[in-house]
Amino acid sequence: MSRSRVMPPVTGSRILWRAVTRNRKRLVAGSGLICLHQLAEAAVPILIGVGIDRAVAPGDGRALLVWVAALGGLFVAVTTCYRFGARQLMLAIANEGYLMRGEVAAKIMHPRGIRTELRAGELLTVSSTDADNVSYLLDYIPRIAGAVTATIACAGVLLSIDVPLGVLVLAGTPLVLLGMQAAAPRITRRVTRQQELAGRASALATDLVTGIRPLRGLGAERAADQRYRDISRQSLGAALAAARAQGWNLAASTAGSALLASGVAVLAGWFALDGRISVGEFIAVIGLAQFLLEPLGLLAIVPSWVAEARASADRTALVLAADVRLPEGTAPVGLVEGAAPRLDVVRLRHGSLDGLDLTVRPGELVGVVAARSADAEALMRVLSGGASPDEYDGTVSLGGTVLHELDLDRARAALLVEPHRTDLFTGTVATNVAATTGSGAAAGTTARPDGFDEALAASAANEVVADHPDGAERAVAERGMSLSGGQRQRLALARALLARPPVLVLHDPTTAVDAVTEHAIARAVRALRHGEDSGERYATLVVTSSPALLAVADRVVVLDAGRARAEGRHAELGTADEDYRRMVLR
Amino acid sequence: MSIDSSLPIADRRETLRWLRGELGRRRGGAILAAGIGVLAAAAAVTPAYALGVLVDRVRAGAGAAAVVPIAVVIAAAAVVAGVTAGLSSYRIARLGGDILATLRERVVARALTLPANRLERAGAGELLSRVGPDVAAVGKAVTDVVPTMIASLLLGTLSLLAMVGIDWRLGLAGLLAVPLYVLALRWYLPRSAPVYARERVAVAERSQLLLESVQGRRTVHAYRLEAPHLAGIDTASARARDLSVSVFTLFTRFVGRVNRAEFVGLTAIVVTGFLLVRAGQVTVGGTAAAAVLFHRLFNPIGMLLYTFDELQAAGASLARLVGVAGMPDEPRPQEPAAPPSGALLEVRDVRYRYPGGPDVLHGVSLRIEPGERVALVGSTGAGKSTLAAIAAGILRPAAGLAAIGGVPLADLDPPALRSRVAIISQETHVFAGPLVEDLRLARPRATEAEVTAALATVGAAAWVADLPDGQHTVVGEGGHELTAAQAQQIALARLVLAGPAVAILDEATAEAGSFGARDLEAAALAATAGRTTLVVAHRLTQARAADRVVVLEHGRVVEEGTHDELLAAGGRYAALWAAWEARTPGPRPTAVSLSTD
Chain A
1 MSRSRVMPPV TGSRILWRAV TRNRKRLVAG SGLICLHQLA EAAVPILIGV GIDRAVAPGD
61 GRALLVWVAA LGGLFVAVTT CYRFGARQLM LAIANEGYLM RGEVAAKIMH PRGIRTELRA
121 GELLTVSSTD ADNVSYLLDY IPRIAGAVTA TIACAGVLLS IDVPLGVLVL AGTPLVLLGM
181 QAAAPRITRR VTRQQELAGR ASALATDLVT GIRPLRGLGA ERAADQRYRD ISRQSLGAAL
241 AAARAQGWNL AASTAGSALL ASGVAVLAGW FALDGRISVG EFIAVIGLAQ FLLEPLGLLA
301 IVPSWVAEAR ASADRTALVL AADVRLPEGT APVGLVEGAA PRLDVVRLRH GSLDGLDLTV
361 RPGELVGVVA ARSADAEALM RVLSGGASPD EYDGTVSLGG TVLHELDLDR ARAALLVEPH
421 RTDLFTGTVA TNVAATTGSG AAAGTTARPD GFDEALAASA ANEVVADHPD GAERAVAERG
481 MSLSGGQRQR LALARALLAR PPVLVLHDPT TAVDAVTEHA IARAVRALRH GEDSGERYAT
541 LVVTSSPALL AVADRVVVLD AGRARAEGRH AELGTADEDY RRMVLR
Chain B
1 MSIDSSLPIA DRRETLRWLR GELGRRRGGA ILAAGIGVLA AAAAVTPAYA LGVLVDRVRA
61 GAGAAAVVPI AVVIAAAAVV AGVTAGLSSY RIARLGGDIL ATLRERVVAR ALTLPANRLE
121 RAGAGELLSR VGPDVAAVGK AVTDVVPTMI ASLLLGTLSL LAMVGIDWRL GLAGLLAVPL
181 YVLALRWYLP RSAPVYARER VAVAERSQLL LESVQGRRTV HAYRLEAPHL AGIDTASARA
241 RDLSVSVFTL FTRFVGRVNR AEFVGLTAIV VTGFLLVRAG QVTVGGTAAA AVLFHRLFNP
301 IGMLLYTFDE LQAAGASLAR LVGVAGMPDE PRPQEPAAPP SGALLEVRDV RYRYPGGPDV
361 LHGVSLRIEP GERVALVGST GAGKSTLAAI AAGILRPAAG LAAIGGVPLA DLDPPALRSR
421 VAIISQETHV FAGPLVEDLR LARPRATEAE VTAALATVGA AAWVADLPDG QHTVVGEGGH
481 ELTAAQAQQI ALARLVLAGP AVAILDEATA EAGSFGARDL EAAALAATAG RTTLVVAHRL
541 TQARAADRVV VLEHGRVVEE GTHDELLAAG GRYAALWAAW EARTPGPRPT AVSLSTD
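Taken in sequence, the protein lines are chains A and B.
Numbering-wise, this note's numbering puts 288 at position 288 of the first sequence, and it's gapless, one number per residue.
Numbering-wise, this note's numbering puts 481 at position 481 of the second sequence, and it's gapless, one number per residue.
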């Protein structure tokens, strides 16, 4: 895929230009056929006039047969040109949308992270709606080409029938269309307001239903219902205001175009009465004047469409051109056979951290207690790569090399940070827990990696599968929402344990677990990563205030006011340190 | 679509009956809209008819003055056509909008009062899709599709009538196209509908994969899952692309069939005109008018046919909405002879089972004196939450009864019940919008000062004051994000505002880390001060703070007494407490070996 090496275009107009150039073959072929299609459509009213004039009026049977054959041929042309032209264009549009989406998704998921102010929902909009809108440019171009072709052809025919007639049509039509545009800003404003209120009503309904249990518990259903009624009525008001504006506009445009078309027809009728043009020409003019409104109407709307594509392209460019957060490191992780790399945090200043020193040696299980949760979060942000090197002072190194100089892929293999707010993904328990072992990605494989059951047992997640008929194939819905918070937390812990990273960082991994289970988990984590035969293979850092977890740590570091204030074993701190006792023991 | 089975979907007959009912209730508006629509179509047809007359005058060699009356008629028709077209589109939008607003309000109101077990079976997702996407789909159809569709339909009918007016045989010739249009539609719809459905599924899957990957970016990066996630998105995206191409290929063939119908209709009109003109029964002008009328219909009929599948999709959504709206209201209990006296909460010999499962509660009794605080303790699956839900009247016991002040909860209608008993569950939700409005859900007419006081009671005053706009800060989805602990404080503040005599807290502090948990415990104590309180306790400090502790195991009460009494007794509670306390690190606490099951 083109998702990596090629530098993406970084402005909206370059994105649009690229959409055109990389689809030029299909675009040219499709547009050509669409122009032919429009010419054939324009020929239909002319042919009607010819048929009335040459066949119906004189009662000429042979001419009628010729006419029917000609009309048949014309319709074959109409159908064929559209069918093959539009298909070429659809292929181009669908492919362009697909390519854009792939690029945006690859950028959003860039391993080194991107700096963007857009929220998840907005990023989703860029990758879906905006990517599609960019591709629709490939729809607008042939439409414009077809409309221009049809307009020129109609004008040519009208001028050849009678010059003043042609001039009236060509001057009058743009005037009528311009007139229609006058109301456009007001309509746009009201429709925007209507859509906004409809969106708000929908969001409110969704929000209320999502919170239905809390609402119920308090008997707040009526208040909620009333709130929805209010916004529903406001939404109705806005919809009616928009419909009124659109109604007026429809009235004006219908009357305007009907007056123009009939004005032309009446003038042509007068000329026909005068003998200046034939009856057949008169009928053709009636049809053409009617037909011409279509391509011209399209030309009037198309600028707003193109503007929309442009706006979407700009938003897409915003994502594609976003800076990458972490620098590209190349250094390998300095690994000693059979030992985890050492993790050193030296005088770290970031967020609320104010010169934190912290070391996790190979083979150690270190607990960190933070008096302020902001300190813990800042530490996690730096360790997980959520902060770029220019966002913090001090150094963080792994195996003696500064973290951001390391090859990112290998650094992440050596240092795994499982965030507190767990993320599970659509799939099964097995695909989630075995995320990094290869079988995680390919859903449907039933083979379990080594240590799967042990990891589940250690994190007390085995009951999640034991109580379920599908076992480890138990389905996990979007973002793990089919599971309880406690189940999600334990599965995430199992995933981290199964990945067996040399250095593992956990953040409050047992907050949704009861006390008895918490003790079992603490002992199991210790046994799994720091058992008797583990040696120095693993190092573990647990940021937590759980006494159960802290009790199994080799060492506990107490953070206060952004730095390490005290250090010792849980038992020592518990007896000697009054503040520690207050923070941890309950 | 098995999940659908849990909420009703109206069938075609029910949907139509509902629509007729709604139109009947707005008979005046409906008749007005229809009348104006017919007028608009008639005015739109007039010019072609008049021009036909003009063609004949031309052929008859009339003088130039013959154009004047025709011109007047056409100009007047153009103006009338314009005004009525605008008015009719507004009238239809207004009628549709009004019906839709009534429907969506009814659906949301009904959704909010679904009984708990029904809600569990239906699942939140199914309910959300009704109040969200379904309402939106019908709304979009009402504003975008329905008015044009009705106008096209009327124009088509009136044009045919005009042709019949010229000569019935010309009308019949034009009518020849109708079965071909219908055939084209019947060829297309059954072929495209399943592809569209698959395309929607593919697009939804694509969005879902993308969204969860974006939201779970930290985890994706941590586990180096970028490549598999992108591959998954790519597969879904390619599938959606291929489906939209294949459905469009069907569409181009449909257009070809529509073109064929146009050709047949137009040819039939001209050939019929030719024969009738030769027989002297119709004028050349009449034939020309019929042909022009028919040609003018190409676009409106095309619009009608091409938006038919949108209308069909909206119809499916409508059936799902009408299904919910049509659910009968929950039966309201008869008012009890006397209102509950006092805040004594009683549960007597209660049994309960979830559908298809074994009994969760085997005859549990509980009595909480007015103002007393009782903690419910037990391992996971002991039935604590079920008992709490029964005590709150959310669930109805299979046997036995729950009562407040001597009146069974089942005899109180929901508002009367909730004004006395409120429950806070672990499932917190911060309602989107200004924080003060969230709190006012519990007491709609609460003043700013009352809200501030409630926040102060639960210890939230300080951080709320620090928010960008204080208690007017927009919170929840899309607004300022509150932590789990803050969200639970808000839930407690709502309880304070609601002010029930009986409060039931179900694990309201379980999810927070231990510092937050301590603050929340204090907040919960303050929020429930003076109320009859039942606390489902995971943190045993909550149990220690209670007047009495009830230990529930396997659906039975196994111990009951004060914290100190139960510790002294050395039973189940004492074991749990030892595990909880576990102050001494190093050698594992003995209590753990007594583990749950």
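Treat each hint with caution, since some may be false.
[To be verified] Here are the simulated lysine to any residue pairs, SDA-like style, with alpha carbons at most 20 Å apart:
1) B:Lys140 - B:Glu310
2) A:Lys25 - A:Thr116
3) B:Lys140 - A:Arg244
4) B:Lys140 - A:Ile277
5) A:Lys25 - A:Ala145
6) B:Lys140 - A:Ala145
7) B:Lys140 - A:Gln234
8) B:Lys140 - A:Arg87
9) B:Lys140 - B:Glu105
10) B:Lys140 - B:Ser152
11) B:Lys140 - A:Arg200
[Stated by the list, open to error] Here are some chain B residues the structure puts well away from chain A; computed CB gaps all over 12 Å:
12) Leu185
13) Glu212
14) Gly216
15) Ala319
16) Val407
17) Pro408
18) Phe431
19) Thr452
20) Ala498
21) Arg539
These are calculated hints, taken from the structure and not from any lab test.
Cβ atoms here follow ideal geometry from the backbone N, Cα and C, with glycine treated the same way.
Subject >> Assertion that B:Thr452 lies farther than 12 Å from chain A (Cβ) >> reply: holds (19 Å)
Subject >> Reported absence of B:Phe431 from the contact zone with chain A (all CB gaps over 12 Å) >> reply: Contrary to the label, B:Phe431 does not stay out of reach of chain A, its closest Cβ about 6 Å off (not over 12 Å).
Subject >> Whether B:Val407 stays farther than 12 Å from all C-beta atoms of chain A, as the label says >> reply: holds (16 Å)
Subject >> Distance restraint between B:Lys140 and A:Gln234, which requires alpha-carbon spacing of 20 Å or less >> reply: holds (16 Å)
Original post:
B:Gly216: least C-beta distance to chain A exceeds 12 Å?
Top reply: Per Cβ check, B:Gly216 is inside 12 Å of chain A; nearest 3 Å; violated.
Original post:
Do the alpha carbons of A:Lys25 and A:Thr116 lie within 20 Å of each other, as the hint requires?
Top reply: violated (35 Å)
**OP:** Mind checking the alpha carbons of B:Lys140 and A:Arg244 for me, to see if they're no more than 20 Å apart?
**Re:** holds (16 Å)
Original post:
Is B:Ala498 truly not at the interface, in the sense that its beta carbon sits beyond 12 Å from all beta carbons of chain A?
Top reply: Given that some Cβ of chain A is not farther than 12 Å from that of B:Ala498, nearest at about 5 Å, it is violated.
Original post:
Has the given pair, B:Lys140 with A:Ala145, been kept, meaning a C-alpha gap of at most 20 Å?
Top reply: violated (30 Å)
**OP:** Measure nothing beyond the straight line between the CA atoms of B:Lys140 and B:Ser152; if it is 20 Å or shorter, mark the hint as holding.
**Re:** holds (18 Å)
Original post:
Going straight from one Cα to the other, do B:Lys140 and A:Ile277 come out at no more than 20 Å?
Top reply: violated (48 Å)
**OP:** Take a quick look at B:Pro408 and tell me if its Cβ sits farther than 12 Å from every Cβ on chain A, holds or violated.
**Re:** holds (17 Å)
Of the numbered hints stated above, those contradicted by the structure are hints 2, 4, 6, 8, 13, 14, 18, 20, 21, listed in ascending order.
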